[in-house]
Amino acid sequence: MSAMNLPEQADPARIYGWAYRLLRHHDDALDATQGVLLKVLERAPSSPERRQAWLRRVTINHCLDLIRGRRPTAPPPLEEPASRGPRAEEVAGSTEQRERVARALAELSESQRLVLTAKVFDGETFEEIAQSLGIATPTAKTHYLRALRRLRTLLEELR
Amino acid sequence: MNCNEIEERLADYLGGELGGEERVRFEEHLAVCLTCRREAESLGGTLETLRDLPPVDPAEANRRASVLEIRRRPAGLRGIVWRALPYAACVVVGVCAGVLSPRPTVAGGPTSAAMTGIGPVVPSVPTVEGTAGGIHPMWVAAARESQALQDTAAPIASSFALLAEISSRERGGKK
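Chains H and B are the protein sequences, given in the same order. Using my numbering, the letters of the first sequence map in sequence onto residues 1 to 159. Using my numbering, the letters of the second sequence map in sequence onto residues 1 to 175.
Please keep in mind that the hints were generated in silico from the structure rather than gathered at the bench. Since this is a predicted model, take the numbers as computed values, not measurements. Take every hint as true, because none was put in to throw you off.
Label-pair restraints from in silico Cβ distances: (1) H/A136 x B/C90: 47 to 53 Å; (2) H/R103 x B/E28: 37 to 43 Å; (3) B/V93 x H/D122: 42 to 48 Å; (4) B/G45 x H/E110: 22 to 28 Å; (5) B/G16 x H/I135: 15 to 21 Å.
So these bits of chain B aren't anywhere near chain H, every CB distance computed over 12 Å: (6) E22; (7) L30; (8) T35.
Every residue, glycine too, gets a C-beta built ideally from N, C-alpha and C.
Produce the complete structure using the sequences and hints provided.
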């Protein structure tokens, strides 16, 4: 992709970090980053306060769409060769686990998914999350708890 | 602390935002209440599963994302002019190509001045035997060239529209 001009806060490295955490594959994460940056150029919110939450939402939804779009019969991408790290079956197991978690995340409501990932991936406080999403702090906590309980059920079902 | 109070504080506890005296009392209840303890441990396990998606090192993320050749846009009018320059250049090149491209001239056919729009358009259209509809091939070529320029101009026009929208958002965001 040739050079682009981006608004502030649209940090490609941060977007890449979110994408890689879900996809665990360098090329897929770069593709996802490019896709998100195109969306930034098209329709990022003008308000800087909302832009961060919007970016996280778009990135995570984009990655989950990619994961949902992967054919079930296609072998999952293995970035870590067995000779350099854990044994192959451990790597495959962790890849399977990652896909299971990603699919479960995809089943949450958007509010639940945003609050949960902001807390776990970015370590934001409930107050910060509430402010960025334009909701009350107790509401953010409710979303968080419901997301965890729903995720727990989904992970059991997907075993 | 009772079980209802535990439920009210469970999000804070799991989210690492319960501290001090409240955390002590919370954990004292978990020590004596099996139901609450199992719930907290179970949800804690779910959190750990999420945390098992480890983050990428920030320096590594910067290195990987650097291939995308991003630069920050300059602000204000200078930014608008800077962004418009490549598209303006395309328009100029397209117009020059249309003006300077050679036009065959045939006695009785449209003059090159007429076809470039510089001079008056000659209304007479000499026909050529065997041509569909009796249209002179010179007119057909001119129409194709005009269509080609239109095809080039359409994406440029939409790019200008996109630029205008981005600039409008910037101005709106600075209010």
